[in-house]
Amino acid sequence: MGKYVTDCLCANSCYYGRGEKRRDADALLKFKDGLSNNVDALGSWNNSTSPCSGNYANWIGVLCTDGDIWGLQLENMGLTGDIDVDALLLLPHLRTLSFTNNKFDGDFPDFYKLGALKSLFLSNNQFSGSIPDNAFAGMASLKKLYLSHNAFQGNVPTSLAQLPKLIELRLEGNQFTGLLPNFQQKDLRDVNVSYNQLEGPIPPALINVSPTSFSGNKDLCGKPLDSVCKSSELNPNPPNSSSNVPSPSSVPTLEDAPNKKTSTLKIAMIVIVCGVALAAIIVLLIIYCRSRNQTSQLGRPESSSYKHSTSLAAAASLHTAGLVKPTELSCRSSKKGVAAAELGKLSFVRDDRERFDLQDLLRASAEVLGSGNFGSSYKAVLLDGQAVVVKRFKLMNNVGREEFHEHMRRLGRLRHPNLLPLVAYYYRKEEKLLVFDFVHNGSLASHLHGNHSVEQPGLDWPARLKIVKGVARGLVHLQSELPSLIVAHGHLKSSNVLLNEVFEPLLMDYTLAPLVNQEHAQQILVAYKSPEYAQHGRTTKKTDVWSLGILILEILTGKFPANYLAQGTGNLASWVDSIVKDQETARVFDEEMGSYAKNGTAEEEEMLRLFKIGVACCQEDVEKRLDLKEAVEKIEELKESHSDIVVDDHV
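The UniProt record's numbering puts the sequence shown at residues 1 to 651.
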């Protein structure tokens, strides 16, 4: 009898489990029915499999933990149609949605029904119309909301100011009007409302936000902007506002007369000083144009003093940060037969992007992201709200125009979720520009080696394994799409791996070896620091595997190989030896992974397996080293688990 009861209980439990998974599948299939355009991308969504198997997703774009669906990541798929929120209500564990870079349009869906949602990413779609003021009422768990680069109009919903856990809010590049809500959240650390049509005072809770987050709203005032709010803006409905009788304090007295005279003199003096300064600037510009005897690089003359001045001004705008200046266009237009119009021509390699030209970049608000061996990188926010990264390469002057164009077209045809896509490029003999989309979450290096806090913790083990898998998949795609290249990437390192909104890795600075001057490539590119180049002066198809192994060990240990990279060719091999010795003598895994790295845990076993894969990728003997396909197969076998970084929105 007891066995019978036990069998019945087990059967009921197993049946309920199957029913729950069937319910999840039916909910997603119902959601899929509302979509149109490129639905074939969701071909794995069918009745032959369940969406999740433990922590592994059988359906593309589905995020799983313990067999439950906790997120959907349907990005860059060109999807249109209706977002069926009612279907998503049938997924009780759903916590994150990302529909970034699709073509959804129309009104804002009723996401308020998903009260347990923690993150919602809708950037770069075509949503329009006003968002109801109570659109976010009841979403007490919402931490991240990205609505940037759509066509929303009307007021920013006041219900946003009532979300107790909100920490990130991106509204830039829309058409919002009116006043900003009076945000009160103490943990609201990342806000961007730039390039809308907002007006009035900035709420006190946002005065510590970067001024660039409010750019493009000419009628906003108050800190952190320089514009001071008028008294009527600070208090739109002052008492007795209908009265025409001045208050006693506003009536002029005899004591006011000397002050008015003094202020008039001060104003006159300021006008005179400004006029003299403006005249001096004009004279200096004329002298500067006439004194130039040769065409400079793209905003990078030979004078060291000039380099200093442009680097100081770089945070203000691209044309003062070292790109082409308006004065240079006029000075150079008649030299060497180069027309000014030609200097402003960008070549686009993607058809899904709105076109802009070099002048748009010059007018953009910008900031310097960094300056490396190749050149400088800038973040530019265009007038329409697009955020792009402009990278200047100064060590490619040996490559011909047609060769460069052809190589850029090859890069433009690459399409993969783990590759940062090239948007456009600009060719000059002395200097080249490459334009990419801006990735908000920064580089893997900054997350591995930056300062961490409660608000910005270090990467946990599931997040790191996810990153390793994504990097490996990106490398496989490069090697399969560019089989004629001996080294498909050539410059793989943690600072060249960006992380998107859901911590999916994006490879950058790939496939540059054919363009970089050979004498410089040997000094800069990671591929030329490999053991085979140090010993035999050549690279192989397995050189990228060696770089992948270095990256895996860096991710697991948290140890930055920067010193070895700086020391020159071959020194990374000694860094690998030091890591292996650490593993033999003591615990080697990064303490930032916390309890995941404790002895005896299932996660530690997976870490040890990945460590061995990393070492096998770093073998000095190329013949003993894993090839890329074998390495990726071993990496894909590793089991993923729940990540506090991603599931709990990085907090």
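Wrong hints could be hidden among the right ones.
Okay, the calculated beta carbon distance ranges per label pair [as the list claims (entries may be wrong)]:
1. Q518 x Q184: 38 to 46 Å
2. R22 x S128: 33 to 41 Å
3. G78 x R538: 37 to 45 Å
4. P211 x D33: 23 to 31 Å
5. D352 x S128: 12 to 20 Å
6. K629 x D226: 35 to 43 Å
These are computed hints drawn from the structure, not numbers from a lab. For glycine and all other residues, C-beta sits at the position ideal for the given N, C-alpha and C.
Going through the hints against the structure:
1. Q518 x Q184: 38 to 46 Å: Hint violated: Cβ distance 58 Å, outside 38 to 46 Å.
2. R22 x S128: 33 to 41 Å: holds, 37 Å
3. G78 x R538: 37 to 45 Å: Since G78 and R538 have Cβ atoms about 42 Å apart, the given range 37 to 45 Å holds.
4. P211 x D33: 23 to 31 Å: violated, 46 Å
5. D352 x S128: 12 to 20 Å: holds, 19 Å
6. K629 x D226: 35 to 43 Å: violated, 57 Å
Hints 1, 4, 6 from the list above are not met by this structure, while the remaining hints are.
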